[in-house]
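Asker: Now for the letters of each chain:
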Amino acid sequence: MRNRHIATALLAASLLLFAAGCKKKTPVAPPPPPPPPPPTVVEKAPAAVISSFTAEPSTIVRGEASTLRWSVANATEVTIDNGIGAVSASGSRQVYPTSNTTYRMTAKGGGGDAVAAVTVAVTTPPPPPPPPPAAKASLEERMSREIQDIFFDYDKSEVREDSRATLQRNADALKTILSEFPSAVVSIEGHCDERGSAEYNLGLGDRRSASVREFLIQVGVPGDRLKPISYGKEKPVCTEESESCWQRNRRAHFVGVQ
Amino acid sequence: MIKSRTIKLTLLAAACALLALPQAQQSNIVLKLTGGTKSKIALPDFRGAGGASAFTQVFNETVFADVQRSGMLEMAAKSFYPLSPPQQETDIRPTPAPAAAQRGAAPQPPTCNGRCLTDWSMPPLNANYLGFGYLAEQGGQLVAFGHLYNTTVPDIAGAKAFRKLYNGPLTEEGARKIAHEYAADILSQFGVPSLAGSKIYFVSDRGGKGMKEIWSMDFDGANQRQLTRFNSISTMPAVSPDSQRLAFTTYAEGQPRIRVMSLETMRFLPFFNPQASMNATPSFTPDGAKMLFASSFAGYSSQIYIANADGRDLKRLSDNRAIEVEPKVNPRTGADIVFVSGRGGPQQIYRMNIDGADVTRLTPGEGEAANPAWHPDGQHIVFKWTRGFAPGNWNVFIMDVASREVVQLTRGQGRNENPTWAPDGRHIVFSSNRKGSAQIFTMLADGTEVRQLTTVGNNSMPVWVK
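The listed protein sequences derive, respectively, from chains A and B.
For what it's worth, the working numbering labels the leading residue of the first sequence as 1, then goes sequentially.
For what it's worth, the working numbering labels the leading residue of the second sequence as 259, then goes sequentially.
Don't read these hints as lab results, they were simulated from the structure.
Backbone N, C-alpha and C define an ideal beta-carbon position, used for all residues, glycine too.
Fair warning: there could be bad hints in the mix.
[Stated by the list, open to error] Here are the computed lysine to aspartate or glutamate pairs in the DMTMM-like style, where the Cα-Cα straight-line distance is at most 25 Å:
{"#": "1", "chain 1": "A", "residue 1": "K156", "chain 2": "B", "residue 2": "E430"}
{"#": "2", "chain 1": "B", "residue 1": "K467", "chain 2": "A", "residue 2": "E243"}
{"#": "3", "chain 1": "B", "residue 1": "K693", "chain 2": "A", "residue 2": "E194"}
{"#": "4", "chain 1": "B", "residue 1": "K467", "chain 2": "A", "residue 2": "E240"}
{"#": "5", "chain 1": "B", "residue 1": "K457", "chain 2": "B", "residue 2": "E430"}
{"#": "6", "chain 1": "A", "residue 1": "K233", "chain 2": "B", "residue 2": "D500"}
{"#": "7", "chain 1": "A", "residue 1": "K235", "chain 2": "B", "residue 2": "E511"}
{"#": "8", "chain 1": "B", "residue 1": "K467", "chain 2": "A", "residue 2": "E140"}
{"#": "9", "chain 1": "B", "residue 1": "K693", "chain 2": "A", "residue 2": "E240"}
{"#": "10", "chain 1": "B", "residue 1": "K693", "chain 2": "A", "residue 2": "E241"}
{"#": "11", "chain 1": "B", "residue 1": "K467", "chain 2": "A", "residue 2": "E241"}
{"#": "12", "chain 1": "A", "residue 1": "K227", "chain 2": "B", "residue 2": "E511"}
[Said to hold, decoys possible] Take a look, some chain A residues computed to stay more than 12 Å from chain B by CB distance:
{"#": "13", "residue": "V49"}
{"#": "14", "residue": "G85"}
{"#": "15", "residue": "S92"}
{"#": "16", "residue": "S187"}
{"#": "17", "residue": "S209"}
{"#": "18", "residue": "V221"}
Let the hints inform the model, and build the full structure from the sequences given.
Answerer: Okay, structure coming up:
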């Protein structure tokens, strides 16, 4: 029973409240108007924007490559002149201009076009070194190619009749060689075969080198560039005991010294 | 009995007398060094006590080689030696009286297995002399007790020629040294001068192909030592009479040049080379004050010059257009020179006065002759000659300069070159390629007792000095 009393009391109270509210009624303000629509975006598409267009490197030596890089927004069509043509909105391309070249990029967009340009400067490479003067042979090569040994008879130091032509050719070649190698000196080595005694052969080799030198001086080879040196039998080119080997050792040999 | 030889070696007293005596038949010259019969010697091996035993072999070999090399004594056959040779004086016993011969049998000679001198003097040994002793170590030194007995003297005390104590380092070198001393003492009993301490200077390419350096060694080939290090061609050595200076020809500076070095300090001494394409074949005068050599200083060909020992005060001795080399001054007179010249055709040996006058040819003109070297007596030369052979086939000859008589010592065994005399005047050193490569040999002046001293590389141009 007691619960029924509480419920009744609550009901009464709420009725009372309701009655009081109705008593103080005021007019309600109208809601604010909707915000204005955004400024009327034209129905046309936005204009194209070239955000970058570069050439790297901007200066090249002819024959090298430069790389063009670009990035374009809002474009419907991007083209680069100088024969490149249409390209994608961003990308790169290697170019090999042979002279200074300015690359123009045109980006077309619904709302407008954009244009940019880069220039690649092309320098001419330095000329190569001049070709070596006709592959100049070394003194050693010249001597061994153009100068021949002079051969002697046993225990003799006179230039043989059959060696005079050879020695004359040597003289002509030596004049050229000595003028082309102005600091060179030519050693005229006198050699002997192994049969004579070593001591006497020193003197014999000395005579051989001296008589060759005298001949060369007489036909115009500068004597101060010709140095005699006797090796006697100290430096044989062969050691067989035969006349052919002995003959090879009885010689005047020419060596160029820079 | 000795065989009859072209050259008999006789040594009278201490002086080595090289006497030229005419002799019939084909022999032209006789170098008399021994009179008639040679003594025969037995040299039983020394044994060694303690640390000395390691050196007995080199000691025994050296003593035996020295005595044999002298050519003065006949060596008794070792196979006949008794088994117990004496080692010290107290080992020697008097020869017992012969046992009474049994009737009908020949009397047996008494033997004591080596302890009696008669064991050595009787057949089959027949040794007149007995050398014996032993080696020991004493205070870290090697000592040898060396004896020589004349086995033909019946009285033991009277038979003793000498007993001597020798001291040396306890090394092979020391063993060789005391062996040379003992052998020298034995040989001096027979008037043979000792070679101990003498040295041979020579040229060797053993350091590298195409390079030649000057080397030295003992007279028996021991102690081979390199003296120059140019890595070039250094050749033709000569040594001053006092053995203090070495002169030679070298390519170290390009053209052939003469260099002189001190053999005491091994340092170079100044030598002024004339401005010439070639200066070569130096040799000293007997007083050591001057140098002779060959030079192309005058321009045309190598000629003979004399200068002070430092090369200053140059004087020309020969004056012709031939090649002339190898001047050698007479060591006895100092007044005449032998040298090699091509003035008459093929190279021959000539002589002239020290001032260049009075030139005469010594060799007869046959073949080629070169490398003259004076005997210490100033009367003989040894040289090389191609007589009887094709050019290049050299043999060693001796010439009596006064009579021009010659005797041949080598015969066709390879190329035999650069003979020079030992200080004793009885031996000759030379080079020969008889075994293939060029090597250095010694021999007696009669061509016997040939010994090879070198084996490594090619070795040539020996000079033998005190």
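Asker: Confirm or reject each hint.
Answerer: Results of checking the hints against the structure:
Taking the CA atoms of K156/A and E430/B, the gap is about 52 Å. The hint is violated against a cut of 25 Å. Pair hint K467/B plus E243/A holds up; C-alpha atoms about 24 Å apart against a cutoff of 25 Å. In summary, the hint linking K693/B to E194/A is supported, as the alpha carbons are separated by about 17 Å, within the 25 Å threshold. In summary, the hint linking K467/B to E240/A is supported, as the alpha carbons are separated by about 17 Å, within the 25 Å threshold.
Our distance criterion of 25 Å between C-alpha atoms is met by K457/B and E430/B, whose separation comes to about 18 Å. Proposed proximity of K233/A and D500/B is contradicted: the alpha carbons are some 31 Å apart, above 25 Å. This hinted pair checks out: K235/A and E511/B have alpha carbons roughly 16 Å apart, not beyond 25 Å. Taking the CA atoms of K467/B and E140/A, the gap is near 23 Å; set against the 25 Å cutoff, the hint holds.
Using a Cα cut-off of 25 Å, the hinted pair K693/B and E240/A holds, with the two alpha carbons roughly 16 Å apart. The hinted pair formed by K693/B and E241/A meets the criterion: a straight-line CA distance of about 16 Å does not exceed 25 Å. With a C-alpha separation of about 19 Å, the suggested pair K467/B and E241/A falls inside the 25 Å cut-off, and the hint holds. A distance of roughly 13 Å separates the Cα atoms of K227/A and E511/B; the hinted pair therefore holds under the 25 Å criterion.
Every CB of chain B is more than 12 Å from the CB of V49/A (nearest about 84 Å), matching its label as outside the interface. The beta carbon of G85/A sits about 77 Å from the closest Cβ of chain B, which is more than 12 Å, so the claim that it is off the interface holds. Every C-beta of chain B lies more than 12 Å from that of S92/A, the closest at about 67 Å, which supports listing it as non-interface. Consistency note on S187/A: stated as away from chain B, yet its beta-carbon is not over 12 Å from all of that chain's, at 8 Å minimum.
Annotated as non-interface, S209/A brings its C-beta within 12 Å of a C-beta of chain B; the closest such distance is 7 Å. The claim that V221/A is not at the interface with chain B holds, since no C-beta of that chain comes within 12 Å of its own (minimum 17 Å).
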